[in-house]
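Chemist: Starting from the known structure of chain A, arrange chains B and C on it as the hints suggest.
Chains as they are written, first to last, in our numbering: chain A, 2 to 344; chain B, 182 to 484; chain C, 52 to 409.
Calculated from the structure, these hints are not laboratory results. It cannot be assumed that every hint is accurate.
In silico DSS-like links for lysine-lysine, alpha-carbon gap of 25 Å or less [said to hold, decoys possible]:
id, chain 1, residue 1, chain 2, residue 2
1, C, Lys371, A, Lys288
2, A, Lys288, C, Lys365
3, B, Lys278, B, Lys379
4, C, Lys154, A, Lys288
5, C, Lys365, C, Lys154
6, C, Lys326, C, Lys344
7, B, Lys310, C, Lys279
8, C, Lys326, C, Lys400
Covered stretches of chain A, as calculated for chain B (at least 3 residues, CB under 8 Å) [claimed, not checked]:
id, segment
9, 162-175
10, 178-190
11, 261-269
Residues from chain B shown here face chain A by an in silico Cβ test under 7 Å; the list is partial [stated by the list, open to error]:
id, residue
12, Ile204
13, Gly408
14, Gly459
Just so you know, these numbers come straight off a predicted model, no measurement behind them. Where a beta carbon is used, it is the ideal one built from N, C-alpha and C, also for glycine.
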Amino acid sequence: MTVRLAAPTLPRWAPVALGGAAAALTALLVALTPAQGRAGTLVVFLAGYAAVLTVASYAVEGRRRAADRLARVLIAGAVGAALTPLVLVLGYTVARGAKGLTGYFLYHSMRGIGPLDTHGGIYHSLLGTLEQVGLAIALAVPLGLLTAVYITEFGRGRLAAAVRFVVDVMTGIPSIVSGLFVLAFWVIGLGQGFSGFAASISLAILMLPVVVRSAEEMIRLVPDSLREASYALGVPRWKTVTSVVLPTASAGITTGVMLAVARVTGETAPLLLTAFGFDSIRRNPFKGPQSGLPLYVFDQATSSARGAVDRAWAAALALILVVVLLYVAARLVTRRNRLGGTS
Amino acid sequence: MEAAFRGGTAASATLVFVVIVAIAAFLVHKAVPALDGNSASFLTERQWLPDREPSRFGIAALVAGTIVTSVAALVLAVPVALGVALFVSEYAPPRLKAPLGYVTDLLAAVPSVVYGLWGVFFLVPRMQKLQEFLAAHLSWVPFFRVTPGEPVGGRSLFAASVVLAIMVLPIVAAISREVFVQVPQSHREAALALGATKLEAIRIAVLPASRPGVVSAIMLGLGRALGETIAVALVLSAAFTPSLRLLRAEGGNTIAANIATKFGEAGVPGRGALIASGLVLFAITLVVNVVARAILFRNRRAA
Amino acid sequence: MAAASLAALATSACGSDDNTLGRGTNAAPVNVTCGGSGTLTGAGSTFQKNIELQWIKDFTGACDGTTVDYKATGSGAGISQFGEGTVDYAGTDSLMKDDEQAKADARCGRGNTAIHLPVAAGAVVFTYHLRGLPDALRLSPATIAGIFTGKITRWDAPEVKADNPGVTLPTIAVQAVHRSDSSGTTDVLSRFLDAQAKDTWTLGVGKELSWPGGQAAKGSDGVTGVVKATEGGITYTELSFAKSNDLPWAKVRNASGAYVDAVGLNVSAALATAKLESAPTGDLRADVDYGTKEPAAYPVAAVSYVIVCDKGNKNAELLKAFLGYAVSGGQSGADQLGYAPVPTNIAVKLGLAVQALT
Numbered sequence: 002m003t004v005r006l007a008a009p010t011l012p013r014w015a016p017v018a019l020g021g022a023a024a025a026l027t028a029l030l031v032a033l034t035p036a037q038g039r040a041g042t043l044v045v046f047l048a049g050y051a052a053v054l055t056v057a058s059y060a061v062e063g064r065r066r067a068a069d070r071l072a073r074v075l076i077a078g079a080v081g082a083a084l085t086p087l088v089l090v091l092g093y094t095v096a097r098g099a100k101g102l103t104g105y106f107l108y109h110s111m112r113g114i115g116p117l118d119t120h121g122g123i124y125h126s127l128l129g130t131l132e133q134v135g136l137a138i139a140l141a142v143p144l145g146l147l148t149a150v151y152i153t154e155f156g157r158g159r160l161a162a163a164v165r166f167v168v169d170v171m172t173g174i175p176s177i178v179s180g181l182f183v184l185a186f187w188v189i190g191l192g193q194g195f196s197g198f199a200a201s202i203s204l205a206i207l208m209l210p211v212v213v214r215s216a217e218e219m220i221r222l223v224p225d226s227l228r229e230a231s232y233a234l235g236v237p238r239w240k241t242v243t244s245v246v247l248p249t250a251s252a253g254i255t256t257g258v259m260l261a262v263a264r265v266t267g268e269t270a271p272l273l274l275t276a277f278g279f280d281s282i283r284r285n286p287f288k289g290p291q292s293g294l295p296l297y298v299f300d301q302a303t304s305s306a307r308g309a310v311d312r313a314w315a316a317a318l319a320l321i322l323v324v325v326l327l328y329v330a331a332r333l334v335t336r337r338n339r340l341g342g343t344s
Numbered sequence: 182m183e184a185a186f187r188g189g190t191a192a193s194a195t196l197v198f199v200v201i202v203a204i205a206a207f208l209v210h211k212a213v214p215a216l217d218g219n220s221a222s223f224l225t226e227r228q229w230l231p232d233r234e235p236s237r238f239g240i241a242a243l244v245a246g247t248i249v250t251s252v253a254a255l256v257l258a259v260p261v262a263l264g265v266a267l268f269v270s271e272y273a274p275p276r277l278k279a280p281l282g283y284v285t286d287l288l289a290a291v292p293s294v295v296y297g298l299w300g301v302f303f304l305v306p307r308m309q310k311l312q313e314f315l316a317a318h319l320s321w322v323p324f325f326r327v328t329p330g331e332p333v334g335g336r337s338l339f340a341a342s343v344v345l346a347i348m349v350l351p352i353v354a355a356i357s358r359e360v361f362v363q364v365p366q367s368h369r370e371a372a373l374a375l376g377a378t379k380l381e382a383i384r385i386a387v388l389p390a391s392r393p394g395v396v397s398a399i400m401l402g403l404g405r406a407l408g409e410t411i412a413v414a415l416v417l418s419a420a421f422t423p424s425l426r427l428l429r430a431e432g433g434n435t436i437a438a439n440i441a442t443k444f445g446e447a448g449v450p451g452r453g454a455l456i457a458s459g460l461v462l463f464a465i466t467l468v469v470n471v472v473a474r475a476i477l478f479r480n481r482r483a484a
Numbered sequence: 052m053a054a055a056s057l058a059a060l061a062t063s064a065c066g067s068d069d070n071t072l073g074r075g076t077n078a079a080p081v082n083v084t085c086g087g088s089g090t091l092t093g094a095g096s097t098f099q100k101n102i103e104l105q106w107i108k109d110f111t112g113a114c115d116g117t118t119v120d121y122k123a124t125g126s127g128a129g130i131s132q133f134g135e136g137t138v139d140y141a142g143t144d145s146l147m148k149d150d151e152q153a154k155a156d157a158r159c160g161r162g163n164t165a166i167h168l169p170v171a172a173g174a175v176v177f178t179y180h181l182r183g184l185p186d187a188l189r190l191s192p193a194t195i196a197g198i199f200t201g202k203i204t205r206w207d208a209p210e211v212k213a214d215n216p217g218v219t220l221p222t223i224a225v226q227a228v229h230r231s232d233s234s235g236t237t238d239v240l241s242r243f244l245d246a247q248a249k250d251t252w253t254l255g256v257g258k259e260l261s262w263p264g265g266q267a268a269k270g271s272d273g274v275t276g277v278v279k280a281t282e283g284g285i286t287y288t289e290l291s292f293a294k295s296n297d298l299p300w301a302k303v304r305n306a307s308g309a310y311v312d313a314v315g316l317n318v319s320a321a322l323a324t325a326k327l328e329s330a331p332t333g334d335l336r337a338d339v340d341y342g343t344k345e346p347a348a349y350p351v352a353a354v355s356y357v358i359v360c361d362k363g364n365k366n367a368e369l370l371k372a373f374l375g376y377a378v379s380g381g382q383s384g385a386d387q388l389g390y391a392p393v394p395t396n397i398a399v400k401l402g403l404a405v406q407a408l409t
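For reference, chain A alone in the conformation it holds in the complex (with noise of 0.2 Å):
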């Protein structure tokens, strides 16, 4: 009597051959049955590879081995079904969109386009977005750091707890509920109007706790060893936040920062409520009603002239340019954080 000493295993050519069975059935059932359509097929072939390969498995491998391989399948069709809508959305909106994103289209406002014409463009509202973020930003940014500083260094009592929860709080702030606290507040019972500015507030109140979180994460990260020698060189406490901590956790706090951006920019339903939208250029952020680049896509999408919805595909695919371009400034900041900590 032979000892074996490894389990058996399946040969390394089985799961390609297993996948050839699989194909097989599938032929058969989309023959048999009425015909599903290319996604139905390759479900049926994915689950009838899935359930083949843990039969033979099974009865090769036992069943330890087997729900590992069958663990195994169902994994890469996770990838498989999350990467799918990804390339999907993207492909699509390159498809119905390019043809649109011309020289004209990103240089030219709406004013004076009538039902019937299919041309006009996306300048005031690609404008309108970049003033609209960057004064959020500038709002957002400064107000979020000091809070982060003052819960880190110097918050013990009871104010830094309050803050901290508060922070916790608004990460869930749905974001139309920020366009519905400004356009009450400012914009009517203030009776500010609608404009640009009205929009960056709601948007740096969205990314208010994000800066704060970000940057608190990252001042942490920050070794005690470096405020130490600093301290040890006489330096009082605010110059050794501002010139030691801060320059340190400034890589992690700006990737913290441009993902907040990224993700506001997009923001559609504050916008909606707030800046309202306008068809000819508006320079001047603080005066008057004005476009932005999300809005734009929401109005043209729900709009009968002719041309609408190719100039709202378009739109969306520089609105898709405009956020991957600041994802992937984030990401390159990120590569030179000194830190190396998590984004």
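Modeler: Frame of chain A, contents of chains B and C only:
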């Protein structure tokens, strides 16, 4: 200077605190008159007719729609998201890990209005066959039940849930991935050394340690789904009869989408009513987020 | 870094507000009398949107130094914004309620009044999606009421057959689609049915109704979009939306018993019989008679108003010039856009009211 700096930081912290309290207080202040004028029960009424005489509105249908779409989205997204997270942390060759992380993050960065646009023009028409198939063959599944003769598919709750699922997937995947990665490598190696298969190592070493983190990831995804506005407003057919039947072409409605669609035509009581519903949404997401944070926090301290 | 370069792209090279390349495609010669300068903003009715955009294109294209912007937020929002002073004029499909009127008057200043001017007219049509129907469907008010209240559930129901003798109707379910948002078209539909199909129509009158079922979508584009995608679908919408989606619309029976198509002349014929209420301030209200016995009248007609101050407008010169074009030359393009020209009896009074604005 020291005092000024310290004072400055304390002032900003106080300002942040004041802003959030002010938001809550102000919204309550605006909502109260509308609620006073409501002739129906705000909690149980299904209709939304605040500008009628007498004013009549309630959040029953909206809350039902909000929760049903969000939960359905999670049911669809969570298994896939966990699979992706496990793949990145456990299976992927090191060279693939970073790009896959970027790609899932990118999915999270695509603006919701683009998802909405895509949902309406691409997904819904292509999902009609699938929805009809589900209604015809899987109607024994509780939420897939349909009344015979009733229109099926189109911009149903199910379609909206699928779009929401695609949107929350990257969030759940990214946070779970971070949680899985934090499990010390030595734990996995110990399990493998004892002869465990990869799956067993995951079940013994990775999953138990990450459970609180994963739960909190799911809750944060839920928070995102609950508050999503524009994508739902574009995709979902806005019906006003609360129903848990996902495949009904009549659809449903959510709090956030209702605010976006009704705001234009709302009069003064209508605005107040919408603000009141916004407060309810705020409260729901607040509870979800606080629970998520609490779980994560407790986990951090225990670890 | 990338963001900075993008910012540089958007701000360094100046964008342009000049979109006049399309002027050659405009069939009607533009006859504009300019006046005033600066910016005028309007907001409100989605019903008016397309014709407003056409007026703005014609007017600002002809008059240098003027900007007019109209945002279709919905009538209710337009009225509130006018009262809050955030816009110069509002567009609305229904008359202001008393409290809205009071707020609007207050905005106009002491002793001044906010007035209604019926500048746009059009039809609400019943657009449907039925394959293989050779001619336009014919519908009576009672059948329409039955369809939207869920009493008629199939296209081959006896009521539909009675309206369409000799036509083979498809044996499929009716998929009625209504507006999910508050809407002037819902208001017109409900008033028409309340007047002409009292027995079947049980939902009352209003911009929002307690629908017993059926699909819903936001906006006119939303409902037509659903009908376009749904075999057996039917909805009510402005004619322009049916046209731009290449969907057919039904002939509707008026009180004289004739089934009438919603072409511009028939709509104008219906509106010509509307009761006019005018005030010395220039306020002009048209009460549409849904039961008009005029044989050529398409009965589901509607007017849409702009609201301005009789005196005390912020940029009166520009407002006068713009509305002056809208009520005269601006009406000539109405048919092409799916609207109907405002009937002459109303147009004459409108012209006088606009001239009197300050």
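Chemist: Evaluate each hint against the coordinates.
Modeler: Structure-based check of all given hints:
1. C:Lys371 <-> A:Lys288: holds, 24 Å
2. A:Lys288 <-> C:Lys365: With Cα atoms ~16 Å apart, Lys288 of chain A and Lys365 of chain C stay inside 25 Å; holds.
3. B:Lys278 <-> B:Lys379: holds, 18 Å
4. C:Lys154 <-> A:Lys288: Within the cut-off at roughly 23 Å; holds.
5. C:Lys365 <-> C:Lys154: Given pair Lys365 of chain C, Lys154 of chain C holds - Cα atoms ~16 Å apart, limit 25 Å.
6. C:Lys326 <-> C:Lys344: holds, 14 Å
7. B:Lys310 <-> C:Lys279: At roughly 17 Å apart (the allowed maximum being 25 Å), Lys279 of chain C and Lys310 of chain B satisfy the hint.
8. C:Lys326 <-> C:Lys400: holds, 13 Å
9. 162-175: Held - the segment 162-175 of chain A has 11 residues with a Cβ nearer than 8 Å to chain B, which meets the minimum of three.
10. 178-190: holds (count 7)
11. 261-269: Result for this restraint: holds, n = 6.
12. Ile204: holds, 5 Å
13. Gly408: Hint on Gly408 of chain B: holds, closest Cβ of chain A at ~3 Å, below 7 Å.
14. Gly459: holds, 5 Å
Violated hints for the displayed structure: none, as all numbered hints are satisfied.
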